[in-house]
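This is what each chain is made of:
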Amino acid sequence: MIPTAWPRYLPAGDAALVVEFGDGINEAVNLQVRALAQSLAQAAMEGFGEAVITYRSLLVHYDPARWTYDDALRMVRERVSSAGQAQTAEGRLIEVPTVYGGDFGLDLEYVAAHNGLTAEEVIRLHTGADYPVYMLGFTPGFPYLGGLPPIIAAPRLETPRPRVPAGSVGIAGQQTGVYPVESPGGWRIIGRTPLRLFDPLRDPPALLSPGDRVRFVAISPAEFDNGA
Amino acid sequence: MALEVMSPGLLTTVQDLGRPGYQRFGVPVAGAMDRYAFQAANSLVCNPPGAAALEITMAGPQLRATEDCLIAVAGADLGLRVNGARMPLWMSVFVRRGYDISFDGRRGGCRAYLAVAGGIEVPRVMGSRATYLRGGFGGHGGRALAEGDALPVGATNVYLFGQAGKEWPDSLRPPCSDAPTVEVILGPQDDHFTEEGISTFLSEEYSVDGLSDRMGCRLRGTRIQHRSSADIVSDGIVLGAVQVPADGQPIVMMADRQTTGGYPKIAVVASADIPLLAQCMPGGSRVRFRETTVEAAQMRYRKMLCALKGIPQSDSPWSTARGENNRGN
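Quick mapping for you: the protein sequence lines, in order, are chains A and P. So the first sequence is numbered by our numbering: it starts at 10 and just counts up by one. So the second sequence is numbered by our numbering: it starts at 431 and just counts up by one.
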């Protein structure tokens, strides 16, 4: 790859452009993405649509009937300059109550054994970290979380399960996350939360947003039934 | 007033222009695959462009109107009949109460849009009446139509008799082809492909796989070569983005696409050519890609908007490609 200076600006077809702030996954880069998103949202310029936050880039939609690529790019560059000095809104800390193990976490023992730990140690490590939300995607409400302690990483299932219950908390490689809805999946499931991460009829429909921090809190199965 | 579903057809869903402001929550935009035919049908029945209508796929439904109404069908020719009589597409048609609207067989294209004056008035979810099938929400109960459904239709002030027989100009109908050439703007990850890979992409013919659906147009053909990895850090996916996973087989991301993805995107299809892809038959059509610039693609898009507004054009948004677009017929 030819080294380039950041940010990089690229057309994404005739109605969007991408602003890349780096090429890896780290909080400093993601913060710049969020800062620009916030700046554009505040400017609310006519002919600009949604800006989608991802790990290290912002996808900015614009109306090609209103803006040429060059003019849209100029506007976005201006926002990048001013966003640099802006403070992004403080992300919230969201607690995710989770029942670990047993029927709720069929792979907890696997993750423990794989790393030479006890199940209790895995729970202690998983609940002991704060996980920044880098972006939502893949499926509605699904959070891409960073910060998994490497010592509890575990590979995906070789054969995905056809159905993973909604609210399942899992580990796949270096990632941890929560399935917002039931779906097939290959993640190692260590627990389940009664929280509804996604509800199409709620406003906003997703519980989490980029910039939030997630903390998992261990609860008992009885508390799960009360919270569901 | 309602449209009663006597039989649902292969895949009929309520759609509008989608919910574009919720991608930050991982919610796909959804909406009509062929936004041009969709808006034209609405225009013919004097609806606002974003009124909800039916997207009909390959084999059409049988519907019955509980009151007199005005309909228009645009897009694919699936053999429209009203009260048993063949009716033209791209034209507003008066439907008497109790008459059946049916489809006797596909003659071309893939998706037809049936608009009714007043619009389909199912509840909005996140501001839109579009059905998101995978998520099971939006439209009519988050699913395709089934026998026995009754779709509420909004009130309209349109004088039905007076507006019947309005025709969409032939010159403003996109070419209906089983082998279109579509224009693309290279990037944003064209640097992930070898020169040979890009050249292959822009010269070979790709067939539309039978597994293609509202999420993506899956293509089969000569492998497109990556420089090294076929993984990128997940980033945003626009309508028409062409993802190429490790198997080198391109997928054009369509209305129900995931909002983010980890495969490199070699190019993005020009907005004006998305309707051509929406009319490709899974397991039947073939596609070629031709490079264009952002400026040229935007010019064609603006022509398409003018066409939707009924502004006469000296040439259509698809005229440059018309020669090639007829080669498959």
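Take these hints with a grain of salt, some might be off.
[Unchecked claim] Here are the computed lysine to aspartate or glutamate pairs in the DMTMM-like style, where the Cα-Cα straight-line distance is at most 25 angstroms: (1) P:K739 x P:D600; (2) P:K596 x P:E626; (3) P:K739 x A:E55; (4) P:K733 x A:D32; (5) P:K733 x P:D745; (6) P:K733 x P:D534; (7) P:K596 x P:E577; (8) P:K733 x A:D80; (9) P:K733 x A:D116; (10) P:K733 x A:D72; (11) P:K739 x P:E725; (12) P:K733 x P:D530; (13) P:K739 x A:D72; (14) P:K739 x P:D530; (15) P:K596 x P:D534; (16) P:K596 x P:D498; (17) P:K596 x P:D677; (18) P:K596 x P:E725.
Just so you know, the hints here were simulated from the structure itself, not pulled from any lab data.
Going down the list of hints, with the structure as the test:
A C-alpha spacing of about 15 angstroms is found between K739 of chain P and D600 of chain P, which places the hinted pair at or below 25 angstroms, so the restraint holds. At most 25 angstroms may separate the alpha-carbon atoms for a hinted pair to count; K596 of chain P and E626 of chain P exceed this at roughly 50 angstroms. At roughly 20 angstroms between alpha-carbon atoms, K739 of chain P and E55 of chain A fall within 25 angstroms of each other, so this suggested pair holds. At most 25 angstroms may separate the alpha-carbon atoms for a hinted pair to count; K733 of chain P and D32 of chain A exceed this at roughly 37 angstroms.
The suggested pairing of K733 of chain P with D745 of chain P holds, with an alpha-carbon distance near 9 angstroms, which does not exceed 25 angstroms. The hinted pair formed by K733 of chain P and D534 of chain P fails the criterion: a straight-line CA distance of about 33 angstroms is larger than 25 angstroms. Between the alpha carbons of K596 of chain P and E577 of chain P the distance comes to roughly 31 angstroms, so the proposed pair goes past 25 angstroms and is violated. Restraint check for K733 of chain P and D80 of chain A: satisfied, since their Cα atoms lie roughly 19 angstroms apart, inside the 25 angstroms limit.
With a C-alpha separation of about 56 angstroms, the suggested pairing of K733 of chain P with D116 of chain A is violated against the 25 angstroms cut-off. Our distance criterion of 25 angstroms between C-alpha atoms is met by K733 of chain P and D72 of chain A, whose separation comes to about 14 angstroms. Taking the CA atoms of K739 of chain P and E725 of chain P, the gap is near 21 angstroms; set against the 25 angstroms cutoff, the hint holds. Taken as a hint, the K733 of chain P and D530 of chain P pair is broken in the structure, with Cα atoms around 36 angstroms apart against an allowance of 25 angstroms.
At most 25 angstroms may separate the alpha-carbon atoms for a hinted pair to count; K739 of chain P and D72 of chain A meet this at roughly 16 angstroms. At roughly 30 angstroms between alpha-carbon atoms, K739 of chain P and D530 of chain P are farther apart than 25 angstroms, so this suggested pair is violated. A threshold of 25 angstroms between alpha carbons decides the hint, and for K596 of chain P with D534 of chain P the separation of about 23 angstroms falls inside it, so the pair holds. For the suggested pair K596 of chain P and D498 of chain P, the alpha carbons sit about 17 angstroms apart, so the restraint of at most 25 angstroms is met.
For the proposed pair K596 of chain P and D677 of chain P, the alpha carbon gap of about 48 angstroms is over 25 angstroms, so the pair is violated. Annotation: proposed proximity of K596 of chain P to E725 of chain P is violated, straight-line Cα distance about 34 angstroms (limit 25 angstroms).
Of the numbered hints listed earlier, those contradicted by the structure are 2, 4, 6, 7, 9, 12, 14, 17 and 18.
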